[in-house]
Amino acid sequence: EDQVTQSPEALRLQEGESSSLNCSYTVSGLRGLFWYRQDPGKGPEFLFTLYSAGEEKEKERLKATLTKKESFLHITAPKPEDSATYLCAVLSGGYNKLIFGAGTRLAVHP
Amino acid sequence: GAGVSQSPSNKVTEKGKDVELRCDPISGHTALYWYRQSLGQGLEFLIYFQGNSAPDKSGLPSDRFSAERTGGSVSTLTIQRTQQEDSAVYLCASSVKEAGELFFGEGSRLTVL
Numbered sequence: 001e002d003q004v005t006q007s008p009e010a011l012r013l014q015e016g017e018s019s020s021l022n023c024s025y026t027v028s029g030l031r032g033l034f035w036y037r038q039d040p041g042k043g044p045e046f047l048f049t050l051y052s053a054g055e056e057k058e059k060e061r062l063k064a065t066l067t068k069k070e071s072f073l074h075i076t077a078p079k080p081e082d083s084a085t086y087l088c089a090v091l092s093g094g095y096n097k098l099i100f101g102a103g104t105r106l107a108v109h110p
Numbered sequence: 001g002a003g004v005s006q007s008p009s010n011k012v013t014e015k016g017k018d019v020e021l022r023c024d025p026i027s028g029h030t031a032l033y034w035y036r037q038s039l040g041q042g043l044e045f046l047i048y049f050q051g052n053s054a055p056d057k058s059g060l061p062s063d064r065f066s067a068e069r070t071g072g073s074v075s076t077l078t079i080q081r082t083q084q085e086d087s088a089v090y091l092c093a094s095s096v097k098e099a100g101e102l103f104f105g106e107g108s109r110l111t112v113l
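Protein chains in written order, with the numbering used here: chain C, 1 to 110; chain W, 1 to 113.
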C-alpha cells in the first residue's frame, strides 16, 4: 500500500532561520512527487513536481529535492509569509489519484 | 471564473439529513477530483472523473456517498443520511489532464450535529 509520511508535524522558526521539511514515501512505481502549500481556510496551492531521483526545483526561498525514498523541502531565510501547512503527495502505478501526507505546519515568527 | 468554485462554503446539518456539495471546475479542465480533509489530517481521496470515462469511485467511504459530473463540467457530491464522522472540509480540484498539478477550490466545510 502506498504511504506518505511527513515530518515534523509542526515546525516553528525565527525569521531568517533556514530549515528543511521531510517527506518519506513507499510506493509501487513512483510517477511523480508533488509539494503543495495550504493556508488556513484555503485549498492547497501547487508548488513543485519532481519526477526522478536527483531532481531539484526552486521557487523563491523554497527548494525541493528528491531521492529514491524521500523528498526534502528546504526553506532558506524564511519570512513570516511563508507560514502555512506544506503538503507532500505522490502519484504511483497506474492510478490517477494523489496520495497525500498529513502535512507539516510551519510557523515563521519575526 | 478564474478558479475552481465550490458551494456552499459552509454547511451545518443535522444527523440523518442529506447534503449536496457543488463544484464548478476551471473551464477546459477535463479531470475533476473530490478529496476530504478532516481536522489536522491529510487529504483523503474520494472520487475522480476524467472526461467521459467511468469515474474512479475507489475512495468513497460508504454507499451513503455518491457523486456525479454533468456535461463534463459541474460536479455534485451527495452524502445521504449524514453522520457526525462525515464532518470535514470537502475539497474539489480540477486539472488539465492527469493527476499531479491540481487546482483546488476553497472547500465546503460540513458540520454534522
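Incorrect hints may appear among the rest.
[Claimed, not checked] Some chain C residues judged to face chain W by a derived CB distance under 10 Å, without partners named:
id, residue
1, Leu11
2, Ser24
3, Val27
4, Lys42
5, Pro44
6, Leu87
7, Tyr95
8, Ile99
9, Gly103
The set of hints was computed from the structure by calculation and includes no laboratory data. A quick note: this is a predicted structure, and the numbers were derived from the prediction, not measured. Every residue gets a Cβ at the ideal spot worked out from N, C-alpha and C, and that includes glycine.
Hints versus structure:
| no. | hint | verdict |
| --- | --- | --- |
| 1 | Leu11 | violated, 15 Å |
| 2 | Ser24 | violated, 14 Å |
| 3 | Val27 | violated, 13 Å |
| 4 | Lys42 | holds, 6 Å |
| 5 | Pro44 | holds, 5 Å |
| 6 | Leu87 | holds, 7 Å |
| 7 | Tyr95 | holds, 8 Å |
| 8 | Ile99 | holds, 7 Å |
| 9 | Gly103 | holds, 6 Å |
Checked against the numbered hints above, the structure breaks hints 1, 2 and 3 and satisfies the rest.
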